[in-house]
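The residues making up each chain are set out below.
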Amino acid sequence: MKQHQALKIEELYRSCDLSKFDFNTTADLEPLDRPLGQQRALEAIEFGVDVEQEGFNLFVLGASGLGKHELVKLILQQRANAEAAGSDWCYVMNFAHPQKPNILKLPAGLGQKLSKDMNTLVEDLLTSLPSSFQSEEYRNRRQQIEDDLQARQDQAFKNLNKDAEDQGIAILRTPAGYTLGPMVDGRLIKPEEFKKLPKDEQERIEKLIADIQLELQKILRDLPLLQREHHQRLKALNREITQHTVEQLIAWIEQAYRDQEDVMAYLDVVKQYAIENVEAFLPQDGQQEVDNIHARVAEFHEFSINVIVDNASAEGAPIVYEDNPTYQNLVGRVEYISQMGTLVTDFTLIKSGALHQANGGYLILDAQKLLTHAFAYEGLKRALKAREIKIQSLEQVLSLASSMSLEPVSIPLNIKVVLTGEPLLYYLLMQYDPEFSQLFKVAADFSRTTARSEENTGLYARLIASMQQRHQKRPLDQASVGRVIEHAARAAEDGAKLSLHLESMNDLLTEADYWASKQQSPVIAVEHIEKAIEKRKYRLDKYEELLQEQITRGIKMIDTRGNKVAQVNGLSVLQVGDFMFGQPSRITATARLGKSGVVDIEREARLGGQIHSKGVMILAAYLDSTYAANTNLPLAASLVFEQSYGMVDGDSASAAELCVLLSALGQIPLKQQMAVTGSINQLGEIQAIGGVNEKIEGFFDICRAQGLDGTQAVIIPAANQAHLMLRQDVRQAVAEGLFNVYCATHVEDVMELLSGLPRGKLTKKGTYPKNSFNYRIQQRISELQQQQKKLIQQAKTTTPPSTADDA
Amino acid sequence: MNPHSDPKVKTNVILTVDACSYSNNMVELAVAIAASGKIHLHGLFIEDEDLLTVAELPFTREISLTTAQEQPTDTTRMQNSLRALGTQFKTALQRSAQAADVSWSYDYVRGRRDDIALTEERDVRYTILGRTSLHRAETIPRQRTHRILIVEDHSSLIGQILQVLLQRIHADPLEITWLQQGSDLSGQTRSLLEDLQHEHPRMMIHTHKLDDLESILSSRAHAFEYAILPQQTDKGIQQQVLDKLDCPVILVA
Numbered sequence: 092m093k094q095h096q097a098l099k100i101e102e103l104y105r106s107c108d109l110s111k112f113d114f115n116t117t118a119d120l121e122p123l124d125r126p127l128g129q130q131r132a133l134e135a136i137e138f139g140v141d142v143e144q145e146g147f148n149l150f151v152l153g154a155s156g157l158g159k160h161e162l163v164k165l166i167l168q169q170r171a172n173a174e175a176a177g178s179d180w181c182y183v184m185n186f187a188h189p190q191k192p193n194i195l196k197l198p199a200g201l202g203q204k205l206s207k208d209m210n211t212l213v214e215d216l217l218t219s220l221p222s223s224f225q226s227e228e229y230r231n232r233r234q235q236i237e238d239d240l241q242a243r244q245d246q247a248f249k250n251l252n253k254d255a256e257d258q259g260i261a262i263l264r265t266p267a268g269y270t271l272g273p274m275v276d277g278r279l280i281k282p283e284e285f286k287k288l289p290k291d292e293q294e295r296i297e298k299l300i301a302d303i304q305l306e307l308q309k310i311l312r313d314l315p316l317l318q319r320e321h322h323q324r325l326k327a328l329n330r331e332i333t334q335h336t337v338e339q340l341i342a343w344i345e346q347a348y349r350d351q352e353d354v355m356a357y358l359d360v361v362k363q364y365a366i367e368n369v370e371a372f373l374p375q376d377g378q379q380e381v382d383n384i385h386a387r388v389a390e391f392h393e394f395s396i397n398v399i400v401d402n403a404s405a406e407g408a409p410i411v412y413e414d415n416p417t418y419q420n421l422v423g424r425v426e427y428i429s430q431m432g433t434l435v436t437d438f439t440l441i442k443s444g445a446l447h448q449a450n451g452g453y454l455i456l457d458a459q460k461l462l463t464h465a466f467a468y469e470g471l472k473r474a475l476k477a478r479e480i481k482i483q484s485l486e487q488v489l490s491l492a493s494s495m496s497l498e499p500v501s502i503p504l505n506i507k508v509v510l511t512g513e514p515l516l517y518y519l520l521m522q523y524d525p526e527f528s529q530l531f532k533v534a535a536d537f538s539r540t541t542a543r544s545e546e547n548t549g550l551y552a553r554l555i556a557s558m559q560q561r562h563q564k565r566p567l568d569q570a571s572v573g574r575v576i577e578h579a580a581r582a583a584e585d586g587a588k589l590s591l592h593l594e595s596m597n598d599l600l601t602e603a604d605y606w607a608s609k610q611q612s613p614v615i616a617v618e619h620i621e622k623a624i625e626k627r628k629y630r631l632d633k634y635e636e637l638l639q640e641q642i643t644r645g646i647k648m649i650d651t652r653g654n655k656v657a658q659v660n661g662l663s664v665l666q667v668g669d670f671m672f673g674q675p676s677r678i679t680a681t682a683r684l685g686k687s688g689v690v691d692i693e694r695e696a697r698l699g700g701q702i703h704s705k706g707v708m709i710l711a712a713y714l715d716s717t718y719a720a721n722t723n724l725p726l727a728a729s730l731v732f733e734q735s736y737g738m739v740d741g742d743s744a745s746a747a748e749l750c751v752l753l754s755a756l757g758q759i760p761l762k763q764q765m766a767v768t769g770s771i772n773q774l775g776e777i778q779a780i781g782g783v784n785e786k787i788e789g790f791f792d793i794c795r796a797q798g799l800d801g802t803q804a805v806i807i808p809a810a811n812q813a814h815l816m817l818r819q820d821v822r823q824a825v826a827e828g829l830f831n832v833y834c835a836t837h838v839e840d841v842m843e844l845l846s847g848l849p850r851g852k853l854t855k856k857g858t859y860p861k862n863s864f865n866y867r868i869q870q871r872i873s874e875l876q877q878q879q880k881k882l883i884q885q886a887k888t889t890t891p892p893s894t895a896d897d898a
Numbered sequence: 002m003n004p005h006s007d008p009k010v011k012t013n014v015i016l017t018v019d020a021c022s023y024s025n026n027m028v029e030l031a032v033a034i035a036a037s038g039k040i041h042l043h044g045l046f047i048e049d050e051d052l053l054t055v056a057e058l059p060f061t062r063e064i065s066l067t068t069a070q071e072q073p074t075d076t077t078r079m080q081n082s083l084r085a086l087g088t089q090f091k092t093a094l095q096r097s098a099q100a101a102d103v104s105w106s107y108d109y110v111r112g113r114r115d116d117i118a119l120t121e122e123r124d125v126r127y128t129i130l131g132r133t134s135l136h137r138a139e140t141i142p143r144q145r146t147h148r149i150l151i152v153e154d155h156s157s158l159i160g161q162i163l164q165v166l167l168q169r170i171h172a173d174p175l176e177i178t179w180l181q182q183g184s185d186l187s188g189q190t191r192s193l194l195e196d197l198q199h200e201h202p203r204m205m206i207h208t209h210k211l212d213d214l215e216s217i218l219s220s221r222a223h224a225f226e227y228a229i230l231p232q233q234t235d236k237g238i239q240q241q242v243l244d245k246l247d248c249p250v251i252l253v254a
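Sequences listed follow chains X and V, in order.
Throughout the first sequence, residue numbering follows my numbering, covering 92 to 898 in sequence.
Throughout the second sequence, residue numbering follows my numbering, covering 2 to 254 in sequence.
Bear in mind the hints are in silico, worked out from the structure with no lab data behind them.
Among the hints, a few may not be true.
Below, a list of computed lysine-lysine pairs in the DSS-like style, where the Cα atoms sit at most 30 Å apart [as the list claims (entries may be wrong)]:
1. X:Lys476 - X:Lys164
2. X:Lys481 - X:Lys196
3. X:Lys99 - X:Lys626
4. X:Lys655 - X:Lys93
5. X:Lys249 - V:Lys210
6. V:Lys236 - X:Lys249
7. X:Lys622 - X:Lys564
8. X:Lys204 - X:Lys362
9. X:Lys249 - V:Lys245
10. X:Lys309 - V:Lys245
11. X:Lys881 - X:Lys855
12. X:Lys481 - X:Lys442
Looking at chain V on its own, in the form it has when it is part of the complex (with noise of 0.2 Å):
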């Protein structure tokens, strides 16, 4: 049975990719998140129909990311090639979810990714918004610092996910550059933060204005591994952000 397709099983966590950026990373991360918090997770592939048009020319051709050699494509052989890697992720999201024991579902749907992402209306608290440059590869060095952009939304979920943020980097330094819409932190938020510091003392908080996100993104963009936006954010900000950023966008609750 499809979960996703019950109404009375409710969806907390959504993981949507599509044909460039899908990693075996973002599930993991999905699992993760959903495996914290004891929720169901459902994986959404979105099939890009600008990709099936471009391949309805009569003189397209697909350039290999790995060779750098062109061969001519087509609409069936696009199908096939995106049919192909969404079964890779359902295959990938179920392996991790029955290994984490995490309640998982799977859909696929035709579109354009930030507009599904965007108006996807379901219940949940975690929406992660796969994405990544035209160049960027998996692989993650290891020992890096791993950098994350919050913008603040006084939801507990964010020391959640930041949790199972850290678990994942171990002891590797973090920075977090933390956009806020005030001068001053919360209390609540500073005592997440002092928590969250205290558990891991190489982790770095740089505070900001909401105001400087234009200039962080036009600067700084492409360092974020991770952003966090809760689902209240203007939608002209997330737009910005889903705009500029390479990374995976984390919507909350």
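Chain X with its partners taken away, still in its complex shape (with noise of 0.2 Å):
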């Protein structure tokens, strides 16, 4: 038989050796000011940034706590830095249109300027303008329009006055208008008097007094026209006057903005607007004139400048991280407020979003938060393809509401956009969303684990110093740095392995700082890490030491002394939370006369994963192969995790199956001291598998509670053999020869290690030695089919045919 060499207690850990390495805390070391082990993620992240193409726009995935933020922060401030400042942009009114809004673009500060200029204009204009229309010069000319008007009006009716007079008829204003009458000396005449009158006269005087109705109506009908000949001489005149008064106001800013094409345009239209309104500068009938002249400014919101992204104090090229990235948080949107019951807008409602904010620059985004906001992520890939922020509402967007509204104009879009996420989340955009891989084709992948190399090893202890002096917590001592590092390969699941989950790796530092400072040292001790991994563990176990005690209560039945046929300790790991322990399972089979083959009672229970049923076809195929190559095998076998009532899942126990399989196939016992790990493949290789420092530690548990005799140990495949990073009391029994961890690479390796029995070597003639395992399974076998041929017989003479499995 092989001989099988259990682990030594070296390789059962890898320790970390920082002997090469000069200092004695970190204080000593200088700061990492690089990423550790993300050197792909970093090179995509400078390329992705560099590359001003549409769509290389940056996804950087990696799991919660590798650091991802930070690193990108860093990337982009460092280059935001050394580029220049995002403008800044002003809504403003749209004379002509102000239900469209119209956008200026202007040098970094020069937006609030010209907001605070344009007040000083209003100022000016409301203080200047009374002061011109107040003028003698003014006056003077609004009396001669107003005296020339009123002579004509006077000289139109004293010339139909004194023609009907002449001609003896009298014009009278009554309560309404006006009415005709005839006189004789001087006097109205009377209605008798009129009578008495023949009737040529009578028909003269009437028709007289018809023609000069006829005159008097077209006067009447020809005074709208004055009035309006009037009033576009009052308006020619006051523009005048205005367009004097607002040219020589706005001339000082037309100078500051000179070099601002739309800066002039806009105060192109504000002269011109102003000079159409003037009336508005003009105080009202019974007001002082500059009353409370800042509270006058405040009602002429139409000059106001809504500056909504204001760079005045910005160093570099604008960073925006938008924490809650809601549709109206990214694109903007416009406001209302309540006047008299109704919600009325206008521009200076107009809010900015992170669109607007970045613009010009970086904006990084969590992907989950904005999946999980309604039309956030529809939102963003609208802006980013238009290459525009156009602010709609979602009503407006939705066409659920035909209100009507503002429509700002829209503003271009230039923007580096970095989004943040679960690699899950990039690979399902990527397979359901085209659009998305022509918007995001830059993939910064961030690595959970970096090599232990020596160089590594030193950086990471240059890492731990960065973090401590980051946070400023007390620093590590050397030896207390060689642990964290070796708890950074335990978390790696990799004794070659170092863990790059920034995270966890700084709550442990954090919580060693708190038991440090519980002792008031100066320094971090390993006996602090120990006490924080401690600590950390006990809040969590709470299960693991109830599913413990289970086992040495007898409520679940784990076996760890003696030997049993059809009966095997398998391992496997549980997570809760982000805590993860092993613990020993049960594992039977039973194996009799029939066809059914190897029945999963977990699949057909359905509790059985998909990958867990995969192992058992894997081990059904093998024994085929292996014991009836040439021949049938007439079984009907059956394997079931023992006090199992949850779903099961993963292929990690597929050896020990197998195992217990051909225990119930050959009879053969099986030490219930050990337990087994580890995955096989059609050709009966043990494959590696997960958590094997939880399982190992979970078995040592359960074999320390039941009593530790040197005879216990774990196998486990030689594949897993570098992932070994085992707790200091597991190394110590080790140590002790109280406990032990094999290594096997193949099931037969495995198979004499829990037997004691040799495999035996295949002889010419097709058998196996008679002292071997395999030689108990081939018999059996043998017999086995024996009987199905005896069976057979008897059924055929005897009976109609029937199953076999009826057999």
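Got two chains here, each in a separate frame; can you build the complex from them with the hints?
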């Protein structure tokens, strides 16, 4: 039989050797100014940031806690500092179409200045225009116009009145207008006198009155034309006076903004508007001219400048992280105020979104938050595709509202968007959203682990130093740095790797700092790290403890002594939140004559996952090809995880399942003081599994509870040996010869260890030596085949054929 | 009780208006004058008998000032129209007088405006004769130059009435055409005008001899907003002013 050597103590744990590094505490180390182990992601981010082509936005994928945000911000900050600050963006009144506010783009800092200058202009107009209109020159010219109108009206009526009087007709005012009557000797003719007049005279007078009446009507109809002409003359005068004043007052602003084409065009419109609406600047009847000028300035909101993006204090290009990426927080919104029970709005109520704030720079968004806010992702894509920001309410986007609202002019968008998220999100978006790949062409994939090389060990120590300095915590002494690095390897589930999950590492350091502070220690020592690990485990291992208790009390049946046929200890890993622990599970098998092959009871009960079922099918295939390659295998076998009431998945127990099946088939007793983990392939080779450390420790804890006697051991795949980073107490037990860990590369290795029997070498006759476990299996199969033949013969001579299973 | 019918109550301001001269502006002026002197105001609406006479003719039409459209009229319709205007005048008078806490009364009479106004025999300080041109609208443009014609009478009441008018025109420019018997202003008048000019810097005064009245009325009759004449002025001059001017005329005692 092959001599199986238990792993040596040094093979169970890869200690951190920092003797080559010259430092006493992390305070002596230079902080790490670059990310560790994320070279691929780093290059991808730098590439994505450099390429200015459309669609080269970034998706930074990686598990939470890897430091994606910090790294992205760091790189972007370095870039942004060297770039020009973003522009100021201001919405202003569109005097021609008030519902479509215009936009002004200004160099950083000019937005607020223009806003103040416009307020000053309004103040100037409010004080200067009334003065202009109170000047003697204006009054005289206006008086002339009004006198002229009066004179023309008077003249028209006087002429008519004189003509009428000359012809003996009086024009009289009535409450509603005019009436005409005949006169004689300067007085009106009375009706009885009129009746006495000859018929011809009466007709003459009536015709005369009718003619004058027509003239009067013509004058009255012309009055509005005279009024219109008068109004136009007054308007022209007002315009002349206003234009002169406004041009004088606005000249200094035009001078200040002469290089800004947009502003100059805007000021031109403002000038025209002020000239056309000069009455607004003049005091109303009874109003004091300059009482509370600031209150009056506020009334002229049409001259306001709504600075939606103010980069006055910006240094470099903007970097915006929007923590709450709702649709409106991204693309901006138009707010409303209630006036007399009605919601009203104007351009001053336009609010910017993150896209506005980040325009000309970088916008960082959490992909999951973006996708969970209704229409936020759609809004972002629309803006990126159109390369402009269009402020529309969701009601407008979805055509749910038909009421009139503002339609602000769109703003050109020049931005680099960086999405961060879990890899799953990235792959789902790539799979199901064709636009995603067009808009986010650069993926920056963050690694969970990095190689535990000597160089990286040194860098990791500096990384720890960086964290401590950044968070102003106690420095770590050299030994505790080594312990943290070892813990990082354990977290990576690989002795040759280091976890890059910076968040959990920082949490560990924070907790260690806490325990150091409790002892008033100036530095964090190994004991503080150990305490932090222990206490963290303690806070989370309630369920592990409960399960162990059930085993030690015999409620959950696990044997750690003796030999038993068709029973083996498998190992599984449970995860509660972010805490993993291992526990043994009893796996049993039955084998009898039949045709149904290997039945996975978990699968039949619909408690087995697909991977587990696959594992069982693989072991059945191994069984067939190994022991019945040229004949049939009349076997009805079953496998089950005893006392398991939940889902079972994964194939890490397939090696144990094959061993227990072989035990049941060959009636081979298996050592219960051993547990097995590992998956198998169809050739019987043992393959690596996950959670190897937790599994070993889980079985060790049970053995220790039931009494260690030096025979207890765990068999693991040889490929997992490099992953071993076992606890100190496990290593101690191994050192004292109380516990062992074996590696196996083939299922026959495992069977030898479990049964104590050799595998035996297959002879030319196709048989195994009698003392081997393979011989027993072969013999058993042969017996089953004989029984099957016998039953078939009996069935042929006595009864009609029935199924083999029935037999 | 109608105070005017009470012989113990003395009327100090009388405002006469008819169909073509009634305006709220006139009412407010009369109330302001009465309030300034804490004196009684009597409003007199004159139903112009000429209108009723004309309305009786079979072919008479009324032409709308607003639309220039004609429509037939008769005595009844004209009578109703005048009564309605009279009621409107009374209501406006009541509202303004009560607001200014001015004692007031109202009456109406049928006749001819100038005949009645000039023959009223009461103990009055001010008689305001509402007048307007055939076409003039009531609205007065803001910030225009106001022009007043005054015939000197050495009365202290001139000063009071000017104060009232100045309050009504606020800070607008004011141009006073001052007609006097002699060539020089009296000391009392000079002092009055200096005080007013101090209070109202934008006031200009043009002095003329009374002999210039006819030429002034011929050339600038339409420009005046008010005219102030002494009651004791020669009736011929009063009639000349009333004939030529379209603005309210205030006769002072």
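Hints versus structure:
| no. | hint | in the structure |
| --- | --- | --- |
| 1 | X:Lys476 - X:Lys164 | holds (24 Å) |
| 2 | X:Lys481 - X:Lys196 | holds (15 Å) |
| 3 | X:Lys99 - X:Lys626 | holds (29 Å) |
| 4 | X:Lys655 - X:Lys93 | holds (22 Å) |
| 5 | X:Lys249 - V:Lys210 | holds (27 Å) |
| 6 | V:Lys236 - X:Lys249 | holds (25 Å) |
| 7 | X:Lys622 - X:Lys564 | holds (17 Å) |
| 8 | X:Lys204 - X:Lys362 | holds (19 Å) |
| 9 | X:Lys249 - V:Lys245 | holds (11 Å) |
| 10 | X:Lys309 - V:Lys245 | holds (25 Å) |
| 11 | X:Lys881 - X:Lys855 | holds (28 Å) |
| 12 | X:Lys481 - X:Lys442 | holds (12 Å) |
Against the hints set out earlier in the document, no violation occurs for any number.
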